[in-house]
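**Q** Protein chains in written order, with the numbering used here: chain D, 1 to 434; chain L, 1001 to 1338; chain A, 2001 to 2167.
By construction, these hints were calculated from the structure, which means they are not laboratory data.
Source: prediction; values computed, not measured.
We put the beta carbon where it would ideally sit given N, CA and C, even for glycine.
No incorrect hints appear here.
One side of the interface only, derived from the structure: several residues of chain A facing chain D at Cβ under 7 Å:
#	residue
1	Val2034
2	Ile2050
3	Ile2074
4	Ile2077
5	Val2078
6	Val2111
Chain L regions said to be covered by chain D (calculated; three or more residues, Cβ under 8 Å):
#	region
7	1025-1034
8	1075-1081
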Amino acid sequence: MPIEMIGLLGVILMFLLMFLGIPIAISMVVPALLGILYLKDFNTLSTAVETIIWDHSFSYTLSTIPMFVLMGELLYICGISTELFNTFRLWLSKLRGGLGMATIGSSAIFAAASGSSLANTATMGVIASKEMLSAGYDKSLTGGSIAAGGTLGVLIPPSTLFIVYGMMTEQSIGQLLVAGIIPGILLMVLYMLTVYIVVVMKPGMAPFENTKVTWKARFSSLKSTVWIILLFLVVIGGMYLGWFNPTEAAGIGAFATFTIALLRRKLTVPSFIHAMSSTLKTTGFLFAIIIMAFILNYFLTITRVPIMLANFLNGLTLPDFALFGIIILMYVLLGAVMDGLAMVVVTLPIILPLINMMQLDLIWFGVIIVLVMEMGMITPPVGMNCFVLRGSAPSLSLGNIFKGTSLFIIPIIIVIGILYLFPEIALFLPENMY
Amino acid sequence: NAASSGGNESVNNGGEGTYKLVVNNWQSSAHHYAYNVWDPWKELVEEKTDGRVTVEIHHGGSLGKSSSVYQDVSGGLYDVSLAVANYFYDTEFFPYTIGNLPFAFEGSAEAVDILTEFGEKYANEELEESVIVMPPTATDGYDLFSTQPIKAVEDLKGLKIRVNGKSENAFVKALGGVPVSLSTEDAYEGLDKGMIDTTFYTPIGAVGTGYYEPAPYITELAISVTPMIPIMNKDFYEGLPEDLQQMFSDELNPALARLFTESYETELEAAHKELKEAVSGRGEFINLEDSEINEFRELGQPAWEVWVEDANSKGYDGEQMINDLFNMLEDAGYPVPF
Amino acid sequence: MIFLAKVINTLSNLLRSIALLTMAFMMFFITAAVFSRLLFTPIIGDVEVIQLGMVVLIMCGLAYTHQVNGHISIEFIVKKFPNKAQYLINILAQLLTLIATLVVTFIYIEVAFNHKNHMHLSTGLLEIPYYPFDFIIVLGFLMWGLEALLKLIYSIMELFTSKTIDG
Ligand code: NA
Ligand code: NA
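Work out the full structure, taking the sequences as your base and the hints as a guide.
**A** Dropping the structure here:
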């Protein structure tokens, strides 16, 4: 049997197990264990397990994940994320689907303090799901707005994905981060527009809130956001002033939130333990998946499945825009079934020569890659944001969430299209910064 | 055919009488390792062996990170890769880390000359129990990348300098700097935001990471190099027929080390040129007088002392090793560190 | 059976407590490191401390995550299956989890002893040895497996109860 065939069989087995409801991490690792044993030997398998587990847990960069998740949990205890959300809600109350837009707006602001879309989703998930559902919003629209809003976390700086991409392609990380700002704002606006259009077309999905909101209430809601502004000033300001790096910002953010909770007398021993336990659960399943995904990646790489794909693409002699379209399509398909980070680590080395051949700007392509990864985060069957949301908002099923996120794929595609036609939207800031 | 024996090996090999050699390049496919080293080596191997050995290169560390090359090659995750000696300080690679010490070598070619002999004497026998050791290579010399001009040792006083390992820590303290431990990933941000003022880095690497953007003052010092040793999986090598084994040992493995060293030499020239252009008008590319460089050299000594202590605690004779190295340097006509 | 459950739960709770302490420690430690760098002098090796903290945090969280059914799966198809099929699939899920985690446990026992006795790996600045953390990895995956074993036994028991109800 050709070695590529074994790789494909592994992928099929993974899907089979996943759709049977076997935990994702286990569904990925079982074919990987069997495949490595079959192709190599136990010695190789144990080396793979040894180094992959260590490399992906003994990690400084990845420590942002539990710390930002903890920050979110503590924000929730403080009632702060609720207030942020409420401010948006009051200001957007005149609009149809205002709550959905409030979710996206507060996600975008939160994104400016969080490097991970997972932390973003987890934090907004707790509050926004409760508020939207109790206001009578459709479950899928609720899930979709939160999970999609969460993707802004990696496009609006700080962003762990840009850092990984910059390392792999040897591009300036500073320029990459800045390149994400305008596309991030553009995507936020399009997400909001999506909610608006959906609600106009299907009014049943979001009951119009007939409450009269006075300008006085709106402005006084701003008063209650003083804590958030303070928190963001500390976290973002501290980062930009060089008091601490983005990794440390997560720990500082958690600590600052902890302090605010203390000052506001919201923090108790049980509530603190509860916040940490939820964080632990999220950390547990995320890292189980990250670790197992990399073991699976090793298996897929030795079966040459990624190389087979690249050779196939290289073999087609197509005009650039078609090739670009195919690359995007390939990432969309891969992103459906793989963790975004794992996907990029495996494919980028293969795709890079193709990108260079087409003379595309690598900073610009970084923004495109992040957008495609965002899409992967909200498409089934492997959509990390949706899993996180499922974890933090038990009243939403994965089915609800994936149904909702399917709508938000359209704005992502539109932003990719706009960036393809007008690369300057991404490149303007980085080119004028240095 | 003696080679096509076990069931697993037949899968590992390309077909009857042919062998597949899997390379893990933990750098990207755009890195100079790819176009200057691995691709030409693949061609050389396939040509010299008449296609009996085919080489499959995986870029971007998709088979494993640089931090686990030793374990990965000995465990058979892939057949060949490049081990950075300093990442395996606690292993049989330790003797090679003498090359990391301040002013041990001025550049790649010199390091290769001396380390080959040094490694033969102190490290290879023990390493050969788990892997096939190829002749060593080394990076270009590290320069200082700083947010303010460094023209003498005094200029470093009180500056926050990034450190990654113990001997570096000792060196920075001796220089009067404040050591800050920061990962390579955070170094750019760190320089940009003033978390650190200065970092040692390879000029070739700095072109890629763009450290010259936040730190446009570059002092050419060639403070130290990073020794690296290409290694091969033992089972792969022993599974080859004798004539192929011979060919790898005599010709192909030394050729790989040579390709690395040549790549560093040519890239360094280009890198220095590029860095000079990049910082002109924004910063300064600083060359020091010999007397000033000697001041830096003197202050490297504590780092050597820390290394000797470590060597002794690991059961080597640290003093003897350093004496040997200095003798080798003198015999070959190179300057000794201090 | 009750005894087994007691032992497993006690151990899982112990790991969970270690994880929570580590998490709180990391939060305070990162803050302390930042303040120390800004106001006094940088803490050398803070990066390593956080890296090791991550190992402890992740590994001690795996079993707890399984205990509270936190390992994410795609349920929407299985939910449409008949009850008995769902029980069987759950048994398969627990069994595969048990096997996979025990394989990792077994592998890491060897790794830990190798790092303890032969390849003495340690962190670069503080020289903290890896092997105690290897044993934490062993413990983490072992307890994840034992949680799965417990659920496996419960699922089999449920299958039998459901049979008697159906039959
Ligand atoms: Na962000
Ligand atoms: Na997906």
